[in-house]
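Novice: With the hints as constraints, model all of the structure from the sequences given.
As given, the protein sequences belong to chains W and D, one line each in that order.
Counting in our numbering, the first sequence runs from 1 upward without gaps.
Counting in our numbering, the second sequence runs from 1001 upward without gaps.
Hint data in this document are derived by calculation from the structure and do not stem from the laboratory.
Only a predicted model underlies this, so the values are computations on that prediction, with no experimental measurement involved.
Glycine residues also receive a C-beta, built at the ideal position from the N, C-alpha and C atoms.
One or more of the hints may lead you astray.
Unchecked claim - Residues from chain D that face chain W, not an exhaustive set, calculated with beta carbons under 10 Å:
hint: 1; residue: LEU1032
hint: 2; residue: ARG1039
hint: 3; residue: GLY1042
hint: 4; residue: ALA1044
hint: 5; residue: VAL1098
hint: 6; residue: GLU1233
hint: 7; residue: ALA1351
hint: 8; residue: LEU1383
hint: 9; residue: ALA1429
hint: 10; residue: ALA1442
hint: 11; residue: TRP1469
What the hints assert, rightly or not - Just a sample of chain D residues kept apart from chain W, beta carbon distances all over 12 Å, derived:
hint: 12; residue: MET1008
hint: 13; residue: ALA1033
hint: 14; residue: GLY1119
hint: 15; residue: ALA1146
hint: 16; residue: ASP1219
hint: 17; residue: GLU1273
hint: 18; residue: GLY1297
hint: 19; residue: VAL1340
hint: 20; residue: ALA1426
hint: 21; residue: ARG1454
hint: 22; residue: ALA1468
hint: 23; residue: ILE1477
To be verified - Quick list of simulated restraints, FRET-style, between CB atoms:
hint: 24; chain 1: D; residue 1: PRO1202; chain 2: W; residue 2: SER108; range: 50 to 56 Å
hint: 25; chain 1: D; residue 1: THR1047; chain 2: W; residue 2: GLY161; range: 54 to 60 Å
hint: 26; chain 1: W; residue 1: GLU205; chain 2: D; residue 2: ALA1411; range: 36 to 42 Å
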Amino acid sequence: MRVALFVTCLVDGIFPQVGKATVLLLERLGQRVEVPLAQTCCGQAHINTGYAREALPLVRRHVAAFAGYDAVVVPSGSCAGSARHQHAWLAEEAGDERLAAAAEGLASRTYELSEFLVDVLGVTDVGAYYPHRVTYHPTCHSLRLLRVGDRPLRLLREVRGIDLVELPDAESCCGFGGTFSLKNPDVSAAMLADKMRNVLSTHAEVCSAGDSSCLMHIGGGLSRLRTGVRTVHLAEILASTETEVVGR
Amino acid sequence: MTRTFLGMPAAPPGVGHLRGSRPFPEAARAALADTQLRRNLGKATTTIRAKRAAVVAELPDWAELRDAGAAIKDDVLAHLDRYLVQLEEQVVARGGVVHWARDAVEANRVVAGIVRATGARSVVKVKSMATQEIGLNEALADAGIAAWETDLAELIVQLGHDAPSHILVPAIHRNRAEIREIFLREMGAVGVPAPEGLSDEPRALAEAARLHLRRKFLDAEVAISGANFAVAETGTLVVVESEGNGRMCLTLPRVLVTVMGIEKLVPTWRDLEVFLQLLPRSSTGERMNPYTSMWTGVTPGDGPEEFHLVLLDNGRTATLADPQGRDALRCIRCSACLNVCPVYERTGGHAYGSVYPGPIGAVLSPQLTGVADNPSLPFASTLCGACLDACPVAIDIPSMLVHLRSRVVEAKREASRLPTPERLLAASAAWAMANPGRWGRALRAARAGRLLGRGGRRISALPPPLAAWTNTRDLPIPPRETFRDWWARTRQGGDAEEPGGGGRPAGGGAGPGPPGERGAR
Chain W
1 MRVALFVTCL VDGIFPQVGK ATVLLLERLG QRVEVPLAQT CCGQAHINTG
51 YAREALPLVR RHVAAFAGYD AVVVPSGSCA GSARHQHAWL AEEAGDERLA
101 AAAEGLASRT YELSEFLVDV LGVTDVGAYY PHRVTYHPTC HSLRLLRVGD
151 RPLRLLREVR GIDLVELPDA ESCCGFGGTF SLKNPDVSAA MLADKMRNVL
201 STHAEVCSAG DSSCLMHIGG GLSRLRTGVR TVHLAEILAS TETEVVGR
Chain D
1001 MTRTFLGMPA APPGVGHLRG SRPFPEAARA ALADTQLRRN LGKATTTIRA
1051 KRAAVVAELP DWAELRDAGA AIKDDVLAHL DRYLVQLEEQ VVARGGVVHW
1101 ARDAVEANRV VAGIVRATGA RSVVKVKSMA TQEIGLNEAL ADAGIAAWET
1151 DLAELIVQLG HDAPSHILVP AIHRNRAEIR EIFLREMGAV GVPAPEGLSD
1201 EPRALAEAAR LHLRRKFLDA EVAISGANFA VAETGTLVVV ESEGNGRMCL
1251 TLPRVLVTVM GIEKLVPTWR DLEVFLQLLP RSSTGERMNP YTSMWTGVTP
1301 GDGPEEFHLV LLDNGRTATL ADPQGRDALR CIRCSACLNV CPVYERTGGH
1351 AYGSVYPGPI GAVLSPQLTG VADNPSLPFA STLCGACLDA CPVAIDIPSM
1401 LVHLRSRVVE AKREASRLPT PERLLAASAA WAMANPGRWG RALRAARAGR
1451 LLGRGGRRIS ALPPPLAAWT NTRDLPIPPR ETFRDWWART RQGGDAEEPG
1501 GGGRPAGGGA GPGPPGERGA R
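Specialist: Next comes the structure, spelled out in structure tokens:
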């Protein structure tokens, strides 16, 4: 099985530790991961802001970059969701049937990290050790677009040393929403305030999720309020072992 | 002159309530500042959400019902021409009169004409979204006719000189203390006053409304309703409600006028079986609504002697013309999407500027008016997807929002060749991302952003438009090394700018790298 990592533009540029953690985790599980450097961005931010025209070349590039692989692993529910639910549709809208077919094919080989671990590799105990109090926020796109269900929680429950606490009203959106956070900053902040209140009520040291974008938003708020609560991507927790602490 | 196809007409401006006076973000800011409103809304939506979830969960075939509801509506929309004519024939054959109204202006003129012909100076009204949409009450007032709302929540809104903020619970933004004040202050001026010493107990408030409305029902010559459904095969109209005020209006007055959007049809009585399960469970969270009224034409000696049906387009045919947007016409106005929407829960309905607020309003209002008149609504969502899960007719609102955002951007592109700052940003980002070498260099250049952290790990202030982020949130400083540079350094021993051509895989785990970073294999 040839496995490629689609690292996503945000992780590439701002949160490289999440990409490194994903690579280390998959290698520890015996996978030979490849990173085609022809990849850039799935185009979701463009698509969701109304710039379908600008996004089309990005979709074309994405589909070409990952053409030869059996599985594409993405440490993001949102970017995996775009590849699975938007790319073929966008290509069809543009009248490019060949691209639509190729995107459809790639969509079926694209996996969000927890899906790949649980469904493809068949593991829930990845041998991780993370001695911290953690609460998990299921991001909207992983939950309602990809339907990852409780896969991330099943993975987290097997982590040694972890004190996993349930997040109240977990399935409510954190208020990020991509460019929504800039176009509707007040509503976004109001939603964030409620999410942070729930995170703080758990007395967790760490708020985790499967999307760096949502974590950037939640973490940005927690940092501004000097709460001391850190945001850590699911991949970073799963990559951590007794001998190796990934991320910060 | 070259010929220009202008498309089907949209809902006209200057009449009705489909357009706000200011953009959503601005209206939302004002709503968010109202802490009483946020408390009322949070409480009400949480209660309805729990009720709905409970009664939906008890039906083992909910998914099938939902598919059936969507399929029936899709059939109606695909054959609307045929079903509408069938409905008209049936209504006429049973003694009713059918009027076709292209838009709000025509519908208002038709209704005012019917009322004026009866000589009545006032009408009673059943709760109706269509008549709110076209601003019928204002149009009747202009014609010297008083329209009295008889639904409890609509009465609260009307007496409060207010606007509805929810499809099903129009006064959701009011709590009972506020309602008591409105009743005491306003009822006396327009009819039977509120009893002295009125408390804010729900039972007492309902009794005050009952006494006030009883006089209106007994005096009324004409009633005006909307319709939840119309059965094409028999010409039967259906209204579902909770209070019985609708039943009063539909049976007591001599003349009945029903204003109905053309998408409210179902082909047969059998189809009602699906919707009479979907609607109450989705809207009020009840297994069955307390009152279901059905009538077919007129029946001598029983109920209204005169029945008029006004079929309203008002932008619906234009909506039907967009294959990516037409599913919005499946909507049965249950408001489940409002109750689960995290944006609606914070802002309430008024921020949307239309009688159709929340997720369904964000896709319906811009289509009825044309996107140029409601350009901020498709962006009033985080695309969290809760609305799609809750919708009883499976309208994919998130995908539709994305589609409408494209229509807004394209409309702006056509309106002006001068690029907006946003368009420039989108275009330059796409340009950089179109080439991995450029992209890698752009990411490396972003390292300069580390200076904004002033030696710390966080950026706390940025100039506009990014101030919209840093006003409430910190931003992490860019890392010293991007992921692709790390990969090239540790796995390829080389240069991230050489992607190895096209889609060819790079070195995989075989490249050199510090053993510590390779993990335990």
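Novice: If you check each hint against the structure, which ones fail?
Specialist: Hints 2, 4, 5, 6, 13, 19, 20, 22, 23, 25, 26 are the ones this structure does not satisfy, whereas the remaining hints hold.
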